[in-house]
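Participant: Residue numbers (my numbering), protein chains in the order written: chain A, 3 to 220; chain B, 18 to 234.
Calculated directly from the structure, the hints in this document are not laboratory data. Heads up, the beta-carbon is just placed ideally off N, CA and C, and yes, glycines get one too. Some hints could be false.
To be verified - Here's a subset of chain B near chain A, in silico, CB distances under 10 Å, partners left out:
#1 Ala36
#2 Ala37
#3 Val48
#4 Val65
#5 Pro80
#6 Met82
#7 Gln174
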Amino acid sequence: MRHANALAIERPVSGVRNDAGGRDFSGPVARIAVMRAQSPEDWTARMLQVRDQRDLKAFEALFHHFAPRVKSYLLKAGGSDTLAEEATQEAMATLWHKAHLFDPAKAAVSTWVFTIARNKQVDLIRKQRRPIPEDPIETQRIEPDVAEDFAIAQEQTVLRKAVAELPSAQRKLIEQAFYGDLSHTEIAAMTDLPLGTIKSRIRLGLERLRRDLKESLS
Amino acid sequence: MTDFFPNHHLPDTLIQSYAAGTLCEAFSLVVACHISLCDSCRASLGAVEALGGAILDETPTTPMMPAAFADVMARIEKEPPPVTPAIAPSASVFPAPLQDYAGANPEATRWRSVGGGVRQAMLDVGGNETARLLYIPAGKAVPEHTHDGLELTLVLQGAFSDKVAHFKRGDLEIGDGDLDHQPIADEGMDCICLAASNAPLRFKGLLPRIMQPFIGI
Numbered sequence: 003m004r005h006a007n008a009l010a011i012e013r014p015v016s017g018v019r020n021d022a023g024g025r026d027f028s029g030p031v032a033r034i035a036v037m038r039a040q041s042p043e044d045w046t047a048r049m050l051q052v053r054d055q056r057d058l059k060a061f062e063a064l065f066h067h068f069a070p071r072v073k074s075y076l077l078k079a080g081g082s083d084t085l086a087e088e089a090t091q092e093a094m095a096t097l098w099h100k101a102h103l104f105d106p107a108k109a110a111v112s113t114w115v116f117t118i119a120r121n122k123q124v125d126l127i128r129k130q131r132r133p134i135p136e137d138p139i140e141t142q143r144i145e146p147d148v149a150e151d152f153a154i155a156q157e158q159t160v161l162r163k164a165v166a167e168l169p170s171a172q173r174k175l176i177e178q179a180f181y182g183d184l185s186h187t188e189i190a191a192m193t194d195l196p197l198g199t200i201k202s203r204i205r206l207g208l209e210r211l212r213r214d215l216k217e218s219l220s
Numbered sequence: 018m019t020d021f022f023p024n025h026h027l028p029d030t031l032i033q034s035y036a037a038g039t040l041c042e043a044f045s046l047v048v049a050c051h052i053s054l055c056d057s058c059r060a061s062l063g064a065v066e067a068l069g070g071a072i073l074d075e076t077p078t079t080p081m082m083p084a085a086f087a088d089v090m091a092r093i094e095k096e097p098p099p100v101t102p103a104i105a106p107s108a109s110v111f112p113a114p115l116q117d118y119a120g121a122n123p124e125a126t127r128w129r130s131v132g133g134g135v136r137q138a139m140l141d142v143g144g145n146e147t148a149r150l151l152y153i154p155a156g157k158a159v160p161e162h163t164h165d166g167l168e169l170t171l172v173l174q175g176a177f178s179d180k181v182a183h184f185k186r187g188d189l190e191i192g193d194g195d196l197d198h199q200p201i202a203d204e205g206m207d208c209i210c211l212a213a214s215n216a217p218l219r220f221k222g223l224l225p226r227i228m229q230p231f232i233g234i
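So here's chain A without its partners, still in its complex pose (with noise of 0.2 Å):
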């Protein structure tokens, strides 16, 4: 499986056992579990105890996976080191003060830290203003569907794959267009991979949300 080499390449979770490198790390067993939360699934009921109990654990989890990347991002997308890791410090703590508003049913956690680090990308590195959308109309949710809310998360997954195997010359353009500057650039690769499911989905969401507006409205 490709998450041992993750493994592999990551700072162990203090008190953790990393079972890649074999090494023991003296924390209690159950916690195994944290290093192997390596999916979207996984991910996001991280980030929900993070949001709902405030979980430190969970957190430190995500910062020790996430954060690493981020980094790299940030240096890729022209940061200095200094600044990447600061930049990437500010983004892991906008995670925490922020995990209110993570909604599994818009984003995977992949993408939702994304869009925090771009944010800090166009703040700190391009000393740009950033424009933000106005949400969508918030209704609070009468029951919880986590079948919709772990949907997006899978669909992360297929995402993931489909990325992985693309062939690297098209990989390193959609790449490049993320971390460099390809604005204005059609990115023909793109249309090799399954977006359309994921926009349908968020579209359903979308359409949930102002459906349950109009009926507590009405």
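Please arrange chain B on chain A, whose structure you already have, making use of the hints.
Facilitator: Using the frame of chain A, we list chain B on its own:
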């Protein structure tokens, strides 16, 4: 605010560069305002951002400083949580992202006449691009002009027509060097648009050409 469905949308290139964070501020403002009014483009943005998330997941790691996690926790304890709630839907003609630049009330906008009853208000955006609000009284026309660069025009109130199509609230018209147009506001309601451009407009008539240096469009 979304009991209507725009017919003229953002091209993929703009959604992609906005998602990547590489789009200039003036165009980003138009994108953010259109998405505030358009579920379809909001979902497209969500899909491109999902790709950003997938790329992030596949990115090789760079080690953080050894004390990074403790530093973040200290940062969290020191900083009070930001009092930025979700950006609430706006009841104003101006979508929320525009209100940071122009306030919420079009009546309070400091309009300047550009002739023929048409008024404009320049917005303070960074970069070499320009963004402005246009006020076209019902039935009136903006002087005929062409574009050297790219111009995005988003309708916020009323509607206008030109030789391309009919544009109403939420609709976006993309003008480039090929577009030679004269938008005319519909009868019945004054039209307000947000326009962003990366090059000066070129007017065709003699009078607007003479006036252009003075009115700054």
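Participant: Give a verdict on every hint.
Facilitator: Hints and how they fare:
The criterion of a C-beta within 10 Å of any C-beta in chain A is met by B/Ala36, whose closest approach is roughly 8 Å, and the hint holds. With 10 Å as the threshold, the beta carbon of B/Ala37 comes within range of chain A, its nearest partner Cβ sitting at about 5 Å, so the hint holds. With its C-beta approaching chain A no nearer than about 8 Å, B/Val48 sits inside the 10 Å limit, and its interface hint holds. A hinted interface residue such as B/Val65 counts as satisfied when its beta carbon comes closer than 10 Å to some beta carbon of chain A; here the least separation is about 7 Å, so the hint holds.
With a cut of 10 Å, the hint placing B/Pro80 at the interface with chain A holds, because the nearest CB-to-CB distance is about 6 Å. Satisfaction of the interface hint for B/Met82 is found here, the shortest Cβ-Cβ separation to chain A being roughly 6 Å, below the 10 Å cut-off. Here the hint on B/Gln174 is broken, as its CB sits about 16 Å from the closest CB of chain A, past 10 Å.
Hint 7 alone, counting from the list given before, is not met by this structure.
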